[in-house]
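Engineer: Model the full assembly from the supplied sequences, consistent with the hints where possible.
These are the residues of each chain, in order.
4 protein chains.
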Amino acid sequence: MNERATLASVVEDLVAANRILAGHGVLDGFGHVSARHPDRPDRYLLSRSLAPGLVSADDVMVFDLDSNAVNGDERRPYLERFIHGGIYRQRPDIMAVVHSHSPSVIPFGASSVALRPIYHMASFLGRQAPVFEIRERFGITDMLVREAAQGVALAEVLNEHAVVLMRGHGFCAVGESLAVAVFRAVYTETNAALQQQAIALGGTVTYLDEGEARLSEKTNRGVVARPWELWKARFAGGGGR
Amino acid sequence: MNERATLASVVEDLVAANRILAGHGVLDGFGHVSARHPDRPDRYLLSRSLAPGLVSADDVMVFDLDSNAVNGDERRPYLERFIHGGIYRQRPDIMAVVHSHSPSVIPFGASSVALRPIYHMASFLGRQAPVFEIRERFGITDMLVREAAQGVALAEVLNEHAVVLMRGHGFCAVGESLAVAVFRAVYTETNAALQQQAIALGGTVTYLDEGEARLSEKTNRGVVARPWELWKARFAGGGGR
Amino acid sequence: MNERATLASVVEDLVAANRILAGHGVLDGFGHVSARHPDRPDRYLLSRSLAPGLVSADDVMVFDLDSNAVNGDERRPYLERFIHGGIYRQRPDIMAVVHSHSPSVIPFGASSVALRPIYHMASFLGRQAPVFEIRERFGITDMLVREAAQGVALAEVLNEHAVVLMRGHGFCAVGESLAVAVFRAVYTETNAALQQQAIALGGTVTYLDEGEARLSEKTNRGVVARPWELWKARFAGGGGR
Amino acid sequence: MNERATLASVVEDLVAANRILAGHGVLDGFGHVSARHPDRPDRYLLSRSLAPGLVSADDVMVFDLDSNAVNGDERRPYLERFIHGGIYRQRPDIMAVVHSHSPSVIPFGASSVALRPIYHMASFLGRQAPVFEIRERFGITDMLVREAAQGVALAEVLNEHAVVLMRGHGFCAVGESLAVAVFRAVYTETNAALQQQAIALGGTVTYLDEGEARLSEKTNRGVVARPWELWKARFAGGGGR
Chain Y
1 MNERATLASV
11 VEDLVAANRI
21 LAGHGVLDGF
31 GHVSARHPDR
41 PDRYLLSRSL
51 APGLVSADDV
61 MVFDLDSNAV
71 NGDERRPYLE
81 RFIHGGIYRQ
91 RPDIMAVVHS
101 HSPSVIPFGA
111 SSVALRPIYH
121 MASFLGRQAP
131 VFEIRERFGI
141 TDMLVREAAQ
151 GVALAEVLNE
161 HAVVLMRGHG
171 FCAVGESLAV
181 AVFRAVYTET
191 NAALQQQAIA
201 LGGTVTYLDE
211 GEARLSEKTN
221 RGVVARPWEL
231 WKARFAGGGG
241 R
Chain A
242 MNERATLASV
252 VEDLVAANRI
262 LAGHGVLDGF
272 GHVSARHPDR
282 PDRYLLSRSL
292 APGLVSADDV
302 MVFDLDSNAV
312 NGDERRPYLE
322 RFIHGGIYRQ
332 RPDIMAVVHS
342 HSPSVIPFGA
352 SSVALRPIYH
362 MASFLGRQAP
372 VFEIRERFGI
382 TDMLVREAAQ
392 GVALAEVLNE
402 HAVVLMRGHG
412 FCAVGESLAV
422 AVFRAVYTET
432 NAALQQQAIA
442 LGGTVTYLDE
452 GEARLSEKTN
462 RGVVARPWEL
472 WKARFAGGGG
482 R
Chain B
483 MNERATLASV
493 VEDLVAANRI
503 LAGHGVLDGF
513 GHVSARHPDR
523 PDRYLLSRSL
533 APGLVSADDV
543 MVFDLDSNAV
553 NGDERRPYLE
563 RFIHGGIYRQ
573 RPDIMAVVHS
583 HSPSVIPFGA
593 SSVALRPIYH
603 MASFLGRQAP
613 VFEIRERFGI
623 TDMLVREAAQ
633 GVALAEVLNE
643 HAVVLMRGHG
653 FCAVGESLAV
663 AVFRAVYTET
673 NAALQQQAIA
683 LGGTVTYLDE
693 GEARLSEKTN
703 RGVVARPWEL
713 WKARFAGGGG
723 R
Chain W
724 MNERATLASV
734 VEDLVAANRI
744 LAGHGVLDGF
754 GHVSARHPDR
764 PDRYLLSRSL
774 APGLVSADDV
784 MVFDLDSNAV
794 NGDERRPYLE
804 RFIHGGIYRQ
814 RPDIMAVVHS
824 HSPSVIPFGA
834 SSVALRPIYH
844 MASFLGRQAP
854 VFEIRERFGI
864 TDMLVREAAQ
874 GVALAEVLNE
884 HAVVLMRGHG
894 FCAVGESLAV
904 AVFRAVYTET
914 NAALQQQAIA
924 LGGTVTYLDE
934 GEARLSEKTN
944 RGVVARPWEL
954 WKARFAGGGG
964 R
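From first to last, the protein sequence lines are chains Y, A, B and W.
For the first sequence, the numbering used here assigns the number 1 to the initial residue and increments by one for each residue that follows.
For the second sequence, the numbering used here assigns the number 242 to the initial residue and increments by one for each residue that follows.
For the third sequence, the numbering used here assigns the number 483 to the initial residue and increments by one for each residue that follows.
For the fourth sequence, the numbering used here assigns the number 724 to the initial residue and increments by one for each residue that follows.
Treat the hints with care, as some may be off.
[Stated by the list, open to error] One side only, chain A facing chain B, incomplete, derived with CB under 7 Å:
1. A292
2. I347
3. P348
4. H410
[Said to hold, decoys possible] So the derived label-pair ranges between C-beta atoms look like this:
5. A956(W) / N68(Y): 53 to 59 Å
6. K459(A) / A780(W): 55 to 61 Å
7. V393(A) / T204(Y): 50 to 56 Å
8. L320(A) / N68(Y): 53 to 59 Å
9. A956(W) / A149(Y): 53 to 59 Å
10. A57(Y) / R850(W): 52 to 58 Å
11. G507(B) / V303(A): 34 to 40 Å
In case anyone wonders, no lab produced these hints; they're calculated from the structure.
Heads up, the beta-carbon is just placed ideally off N, CA and C, and yes, glycines get one too.
Structural biologist: Quick look at the structure:
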C-alpha cells in the first residue's frame, strides 16, 4: 500500500479489495468494504448498492461520517453503510472496514462459544472477538445496522478490537489499511473454520496466549503485503509478477 | 424481475435459474426448478427431464396443475413434476418452485433436529422448516413424489412456509418470483451448513427470533435483485456488469 | 449406455469414467475404474498405471480374471488390479468396478459406525455397506489388494452388495454398467459426507428403510443416464448439450 | 525425479512444488518449500520472500545451513528460513522440506488429540506426528521459527519422523525428494480432515497399525511419481499427458 495514498490509488485498492473478498467467498451477493478518504478523515469511500464482485471504480460513492452521500450523489447506497460511518467516527486509527456474512464466522456469532485465535494468522483476534447483540439495545429488529445509532453501538462493542461479531448476521474486520482489513477478514473466516474443527476433535484446545497474539500480530503487519499482492494478481487482475 | 412478466422473459429467467442453481451445486444431475405461467395461473413451466445445468429455452414444457403436459408435448417429463403441480394448486401466491437434493440440507431432513434460521439471510425459514415424512401417508415408497396425491400432501406440509424438507430426499423452496425462490434455495443450503457447524461447537445457539425473522424477511425481499443479478452474470451469461 | 456395447464404445466410456471420477475428486492420483470386456466375459479393461485424470484410450490394457495382462502387453499395470479380477470372477452380473480413496468415505471404513443410506440417491447402499478388514485374513500388510487371493477375499465381503468399504484404505463400487458404477461411486462419497453431518447434529437419524432402499434403487437405475450425460458434457468433453 | 539431479532440474522441480502446493491450498500467501542443493549438501534452495503461487526460477536463493544467503544475494528472505536450515543440518537423509499452514492440520497442532494415519495414503505419519510446542523452550514468542536455535529445536522434535506439527502455527513435511515431501504435505492435510470427520462419527476409530504404516510407506514411495506427474500437469504447466 502506498505511504502517500492518493484518492485514485485508494479507489483502485478498494475495487481490488471488493474483488479479492468476493474471490475468497468472504463477500457474496452481500457485505461490503470501505476505505476512509485519504485527504478527508471525515469522509469514507464505499460502492453504491451492488454485489462486491461486480464493483468498479465508477461505483464508488463518498459519504460523510453520518453516512450521508456527499457531492449530491443520489445513487442507491447500501442499507448498512452506518456500520462504516459508526466505526470511522469511533476509531480514528482505522482506514478500512469490511462487513461480511462469511460462512464459518456465522456460527460463532450465534453460539455461546467465543471466537479465539487458534493459530498465528489470526492473532489479530487477541483474547477473543466481542459479539454485538443488537437485541440488547434495539430489541426486535430486521437485524441490520440501518441507522447511525446502531452503527455507533456496534463501534462501541468493537472498541479497540480488530474484529467484532454480529449475532445472527455476520462480522466486521477493521484495519489501518485495506490490505490489513482484507487480511483480517480472510483469516477470520479461516480461523473460525479451524477452531470449529479443533473443538470437534473433543480434546483440549490450546489457543494463542494474549502475549503470543500481541507479538504475532506485530509480525504479521510486516508481511501483509505478501498475500495482498498474491490476491490482487489472482482476483483483481493486478500487476503481481 | 419484470413487473409485467411476459412468457419470454419468464422462460429466460427459468433458464437462468437452472444455470444458477446448478452453478451453486444446489441442483446437480437431479432436482428441478419451475415457474408459474405468467398469463395462465393454471399452468406452469418446467424443463423436460434433463440435468438442470444443461437446460435451454427449447427444453421448457408447459403443464397443467395436474402435471399433465399440454400442447401435445410428448417429451419425457421429470418423474417428480407433481411436486410443482401440488404446490401451485395449494399456494396461489407462489410463482416459482425449486426442488433440490442440496447436500447440507439432507441431514436436517433425516434428523430430529429442526432447521432454523441461524442468520438473517435465511430469515424466510421463520421459526423452523417443516419436514414431509412420506412414510406417514404413503408407507414404503421409492421416496419420490410421483403422483398428484403425493404432491398435494407435500404442499399441505409446506402450508404457508417458504421451505419444506423431505425426509431422506431433499427439500423445496418457493417464492413469489424465480429470484426469490432461487435466493431461498441457495440460502437454505448455506444456513443448513452453518447451523450444523454451530451445533458442533457444543455451546448454546441463539437463532433468529420469530419477530426478527419476519422483519428481516421483509427487508431481504427488497434486495433480492442484487444476488440475482450477480448470479446471472456469473452463471447464466447474463448482462450484469 | 449402448445395449450392444462394442469394444470401442466401452473404451470410450471407460475414458469418460476416468475423467468424470477425477473431476469429482472421487479419484485423485490414485484409484482406478475398469469395465468387463463386452465380448469376452473373462476379460476386463483397465488403464495402465496412470493417474485417472490423465487416462486416454491408448492407455487401456486387457486383463484376464487372474489379472494377468493379455496380448503380451508389458506396460506397468496398477498394483491393485486384483480388486477388479476378483470381483469380475465372483460377480458375473457386474460389468464395471470403481476403486477409490474418496475422502468422505475413508472415515466410515475406519470407524465402528456403519455407512447407511441417508437419502434416496444412495439407496444402492441397502441396509449398510460391508467393510473389508484386510487384517482378518492377511494380518499385517501394506494395506493393498496386491494378489489374487486378496481380490477374492474382498469380493466375498462385497458379496451381493453394490459397495464395499476397505478399512484404512478406501472402497469399491460396482454396477451393471460404467454409468451405474460411476453413479454409485459419486453418491457413496456424497452420502458419507451427509451422514457424518447428520450424526454431528446430535439428534436421532432416520435412514432409508430396506424396502425404501430397494424401491428407490430400482427407480434410480432408470434415470442414471441423466447425470452420466451431464458429467460427460462437463468432464469428458462429451456431446451432451 | 531425476536420479542424477542437476541444479537446473532441482530448481525446476522446486518451482513446480511451489505451484503444486499452492494449487492444493497447502500453501497460500504463506508457507514455503525448499530443496537441498544437489551438489552441495551444506546448501539449500528457497525462494525469496514471495507467495508460493508466484514463485519462478529467478526467485530461488541459495542458503547455507545457518540460513544465511550465499553469493551475496541481498533479496529479502523468508523470516522462517531457519526451519529449513535446522532440518537439513539435523537430517542428512532429507532433500526437501515443506512448511505449511494447511488448514485441516492446524486443529491437530492445537489439540490434545494426536494426528494419526487413518488410511494408507498417510502411512508416513507412523504411529503419530509429534508436536513442536515453541513455548516449552522459548516462552512467549510471535510463534515464528525466526532464529537458528528455534530451527534446531524444531528439527529435534521432528527427529526421525516425516512430519512435525507446530502448535498454533502449522507443520513441516520432509522427504528424500521434492516429490516425496510434496506428497506428504498434501496427504497430511487430507488425513487431518478425514481423521477429524472419523472422530466426529462418535464410534471407535481403527488407525493404521505401526507395522501396516511401515509396509505401506515403503510401497507408497514406489508410486510417488504418479501423483507428482499428475500435479505437474495440472498446476505447473508440466508435460504430463
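Engineer: Hint by hint, note whether the structure agrees.
Structural biologist: Against the structure, the hints:
Using the Cβ-Cβ criterion of 7 Å, the hint placing A292(A) at the interface with chain B is satisfied: the shortest such distance is roughly 4 Å. The interface hint given for I347(A) is met, as the beta carbon of that residue sits about 5 Å from the closest beta carbon of chain B, less than 7 Å. At about 4 Å, the closest approach between the beta carbon of P348(A) and any beta carbon in chain B falls short of 7 Å, and the interface hint on this residue holds. Interface restraint check: H410(A) against chain B, minimum CB-CB distance 6 Å, threshold 7 Å, status holds.
Take A956(W) and N68(Y): their Cβ atoms lie about 55 Å apart, and the range 53 to 59 Å holds. Separated by about 58 Å at the C-beta atoms, K459(A) and A780(W) satisfy the suggested range of 55 to 61 Å. One distance hint, 50 to 56 Å for the beta-carbon pair V393(A) and T204(Y), holds here, with the actual separation near 53 Å. Look at L320(A) against N68(Y): about 56 Å separates their beta carbons, and that is inside 53 to 59 Å.
Our hint of 53 to 59 Å for A956(W) and A149(Y) holds, since their Cβ atoms are close to 58 Å apart. For A57(Y) and R850(W), the Cβ-Cβ distance of about 57 Å falls inside the hinted range of 52 to 58 Å, so the restraint holds. Between G507(B) and V303(A) the C-beta distance comes to about 39 Å, which sits within the given range of 34 to 40 Å.
The earlier numbered hints are all upheld by this structure, with none contradicted.
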